[in-house]
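Number of protein chains: 2
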Amino acid sequence: MSLNLKTYTEHFTNPLYLESGRILEPYDITYETYGKLNDTKSNVVVVCHALTGSHHCAGIYEGDKKTGWWDSLIGPGKAVDTDKYFVICTNVIGSCFGSTGPMSPQYPHHNPYRYKFPVVTIKDMIKAQRILFDKLGIHNVHAIIGGSMGGMQALQFAITYPNFASKIISLATTHATQPWAIAFNKVSQEAILKDPDFKQGYYEKEDIAKNGLSGMAVGRMAGHISFLSHESMQDKFGREYRNTDGLYELFGKFQVELYLEYNGYNFTKWFDPLSYLYITKAINIYDLSRGFDSLNEALEKVKAELHLISFKNDLLFRNYEMKEISDTLTKIGHKNHHYLDIDSDYGHDAFLVEIEKFKEYIKDVLND
Amino acid sequence: MSLNLKTYTEHFTNPLYLESGRILEPYDITYETYGKLNDTKSNVVVVCHALTGSHHCAGIYEGDKKTGWWDSLIGPGKAVDTDKYFVICTNVIGSCFGSTGPMSPQYPHHNPYRYKFPVVTIKDMIKAQRILFDKLGIHNVHAIIGGSMGGMQALQFAITYPNFASKIISLATTHATQPWAIAFNKVSQEAILKDPDFKQGYYEKEDIAKNGLSGMAVGRMAGHISFLSHESMQDKFGREYRNTDGLYELFGKFQVELYLEYNGYNFTKWFDPLSYLYITKAINIYDLSRGFDSLNEALEKVKAELHLISFKNDLLFRNYEMKEISDTLTKIGHKNHHYLDIDSDYGHDAFLVEIEKFKEYIKDVLND
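Taken in sequence, the protein lines are chains A and B. So for the first sequence, the UniProt record's numbering puts the first residue at 1; every next one is plus one. So for the second sequence, the UniProt record's numbering puts the first residue at 1; every next one is plus one.
Incorrect hints may have been included.
Note that the list lumps identical chains together, so a pair holds whenever it fits in one copy or between two copies.
[Claimed, not checked] Below, in silico cross-link-like pairs of lysine-lysine (DSBU-like), each with a Cα-Cα straight-line distance of 30 Å or less: (1) Lys-363 / Lys-210; (2) Lys-269 / Lys-194; (3) Lys-331 / Lys-236; (4) Lys-253 / Lys-116; (5) Lys-323 / Lys-312; (6) Lys-335 / Lys-303; (7) Lys-205 / Lys-363; (8) Lys-323 / Lys-253; (9) Lys-269 / Lys-236; (10) Lys-323 / Lys-65; (11) Lys-323 / Lys-236; (12) Lys-199 / Lys-269; (13) Lys-357 / Lys-312; (14) Lys-66 / Lys-303; (15) Lys-194 / Lys-335; (16) Lys-357 / Lys-6; (17) Lys-205 / Lys-194.
Because the hints were derived from the structure by calculation, they are not lab data.
Please work from the sequences and hints to get the whole structure.
Now the structure itself:
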């Protein structure tokens with residue numbers, strides 16, 4: 001069967017009440033669906049994206065070269081089988097792929113929000129999604145799956161809306177962002193803020209898309225380090241040098257340097273710097289325990305069947321951070337949770353590139 | 001007894017023939033000595049500094065607040081006992097604390113070299129030191145000690161000048177810089193190069209000293225991540241926030257962010273950006289095997305008693321990189337080498353801050 005990919009943008013005129021006390025009004029949510037909603041609306045699987053991801057998690061647009069970011073996991077006959085499930089993935093608020101973010105027009109004057117955009121949190125992101133699903137007549141779902149910031153959303157769903165999803169699968173994430181990850185985000189934020197072409201937030205979108213923003217490229221390079229591991233870098237690049245004769249040239253380059261340059265500068269052509277600042281802020285302040293006395297108390301809310309998948313040498317979110325969730329759930333007597341630590345050399349990127357290692361697991365969880 | 005700290009700058013008019021085939025002529029070497037050279041000149045201990053270190057490894061200058069970078073290790077009655085040993089530490093060529101570097105005047109016109117400065121290597125750095133020692137009438141030494149880039153120099157001494165030192169102690173380093181470390185250097189280099197105030201290398205020293213260079217600050221922040229570990233960051237900063245009321249302020253800050261800002265921006269006031277580019281280049285292209293068929297063959301040169309000290313969660317230079325040196329030495333039948341892997345939560349910084357954990361070891365090695 002076909003993937004049945006459809007992209008929509010839904011406009012909301014009611015205010016979205018944010019965790020900060022501020023409101024977003026009106027706002028848009030762009031989302032994508034795959035497969036077909038069944039008559040009882042019991043076959044919905046929600047997919048949540050990471051920092052720089054989007055609603056486009058599977059399939060390929062006409063004329064594009066790259067598929068959606070989890071295409072090897074989601075599709076007809078795949079682990080998240082769109083012949084069976086109706087998959088929805090929304091672009092988070094604060095992002096730059098259709099949902100309302102800092103460069104969206106602020107009503108009524110239609111100038112971009114820029115710094116007037118409110119800080120949004122992971123909780124706000126899932127609240128907006130929940131409102132969208134309600135509008136679509138979907139009041140509970142079979143499963144929610146996400147990795148990295150997507151995994152944060154999945155866990156936040158489990159706590160904030162305990163009856164909403166039967167199954168939660170959260171990969172390569174944490175219960176509260178630790179200083180190591182905050183530090184990497186800091187390098188990126190600082191690199192953006194100090195780039196004169198960022199114009200203190202008053203840049204023109206078109207200029208960035210055309211010329212890139214070197215500060216954001218530098219920041220993204222730091223990000224890429226955090227996504228990889230010593231082992232994957234050694235395998236991928238070793239000490240390979242572009243031109244051995246140029247070893248003593250100050251600007252001669254190792255393969256790993258070319259990789260970072262390519263990905264860094266390419267990134268600035270498709271991602272918005274203000275969105276980067278706002279979403280990394282959301283990640284930094286993410287803490288499942290906020291509003292509770294402890295992680296214990298927060299996790300006592302969880303009713304769903306919960307699956308936690310970590311990767312052994314993920315250096316951005318360490319596997320012990322996820323194990324702590326699992327251990328806490330065990331301690332408080334949650335009956336139906338499972339923790340899987342996957343051996344991988346890919347570091348944090350494993351949740352995107354080592355699908356082979358967990359797709360059967362996800363398939364079984366969904367079909368169980 | 002007193003430390004007997006003395007600082008000198010020696011001027012050399014003969015050309016220094018570099019690994020690249022280029023020459024440096026004339027050149028200066030700034031160095032510091034502690035203790036007293038004995039009559040037989042048999043009590044010399046050479047200390048080698050890291051990337052941003054200097055010849056000032058012990059004691060304190062009048063009016064300064066901070067001591068030399070290894071002051072808790074070196075001094076009267078300390079592990080490197082200046083009552084017993086005559087300690088010499090030189091500022092490496094390429095650096096910015098007195099020895100000739102990219103901002104030194106180029107003869108005969110006296111304008112700074114800037115990009116005309118040749119790429120120098122770890123081998124060049126120790127060659128210059130060797131020439132200095134010769135000039136001082138010191139043709140062999142009791143021991144050479146260094147950590148990080150200082151450890152690279154110590155190892156390079158063992159291979160390039162096998163009869164020069166009786167004992168070599170190398171800490172927190174590697175036999176060849178791996179892509180993980182190169183990647184961190186890349187972020188720093190790129191951040192410097194793309195900063196308009198860097199003026200493509202044609203900045204005024206005074207402007208940087210006065211205003212800082214935000215690109216170098218950003219790069220240094222990335223550097224600091226690589227010096228730390230998940231554990232040390234968790235201990236040191238946790239998720240502490242400067243102002244909890246400001247959690248939803250885009251520019252509200254975690255403690256770890258303030259630490260990076262402070263150290264990043266402070267750094268730009270005392271270190272030269274061109275030196276940073278040149279020294280990180282030297283680190284990137286450092287490879288003990290260069291000029292040999294293999295690491296085996298390179299290490300066959302080693303005659304000294306060799307001590308390798310790694311730190312368990314050093315993320316910049318992994319402990320297994322040093323173990324590889326030890327294993328190779330064992331394989332090729334080198335009789336007198338020792339590998340010590342120290343348990344520490346401090347990451348790479350351990351060689352500077354966890355002196356307690358190895359000072360007795362170093363004392364025993366020197367006094368044996």
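Evaluation of the provided hints:
1. Taking identical chains as interchangeable, the C-alpha atoms of Lys-363 and Lys-210 are never at most 30 Å apart, the minima being 42 Å within one chain and 60 Å between chains.
2. In this homomeric assembly, Lys-269 and Lys-194 come within 30 Å of each other (Cα to Cα) both inside a single copy, at 18 Å, and across copies, at 17 Å.
3. Taking the shortest Cα distances, Lys-331 and Lys-236 sit within 30 Å of each other only across copies (27 Å), while inside one copy they are farther apart (41 Å).
4. Proximity of Lys-253 and Lys-116 under a CA criterion of 30 Å is satisfied inter-copy only: 18 Å between copies versus 41 Å inside one chain copy.
5. Taking identical chains as interchangeable, the C-alpha atoms of Lys-323 and Lys-312 lie at most 30 Å apart whether they share a chain (11 Å) or sit on different chains (22 Å).
6. In the homo-oligomer, the alpha carbons of Lys-335 and Lys-303 lie at most 30 Å apart inside one protomer (9 Å), although the nearest pairing across protomers, at 63 Å, exceeds that limit.
7. Taking identical chains as interchangeable, the C-alpha atoms of Lys-205 and Lys-363 are never at most 30 Å apart, the minima being 41 Å within one chain and 61 Å between chains.
8. Taking identical chains as interchangeable, the C-alpha atoms of Lys-323 and Lys-253 lie at most 30 Å apart only when they sit on different chains, with a minimum of 27 Å there against 39 Å within one chain.
9. Taking the shortest alpha-carbon separations for Lys-269 and Lys-236, only the intra-copy value of 25 Å comes in at or below 30 Å, while the best inter-copy value is 37 Å.
10. Taking CA atoms no more than 30 Å apart as the test, Lys-323 paired with Lys-65 passes in neither setting, with 37 Å inside one copy and 44 Å between copies.
11. Taking CA atoms no more than 30 Å apart as the test, Lys-323 paired with Lys-236 passes in both settings, with 29 Å inside one copy and 22 Å between copies.
12. In the homo-oligomer, the alpha carbons of Lys-199 and Lys-269 lie at most 30 Å apart both inside one protomer (17 Å) and across protomers (24 Å), since each shortest distance falls under that limit.
13. Taking the closest pair of Cα atoms, Lys-357 and Lys-312 come within 30 Å of each other both inside a single copy (12 Å) and across two copies (28 Å).
14. In this assembly of identical chains, Lys-66 and Lys-303 lie within 30 Å of each other by CA distance neither inside one copy nor across copies; the values are 37 Å within and 56 Å between.
15. Proximity of Lys-194 to Lys-335 under the C-alpha cut-off of 30 Å is found in neither arrangement, the shortest distances being 49 Å within a copy and 54 Å between copies.
16. For the homomeric pair Lys-357 and Lys-6, the shortest alpha-carbon distance inside one copy (28 Å) is at most 30 Å, but the shortest distance between copies (61 Å) is not.
17. Taking identical chains as interchangeable, the C-alpha atoms of Lys-205 and Lys-194 lie at most 30 Å apart whether they share a chain (17 Å) or sit on different chains (20 Å).
Checked against the numbered hints listed earlier, the structure breaks hints 1, 7, 10, 14 and 15; every other hint is satisfied.
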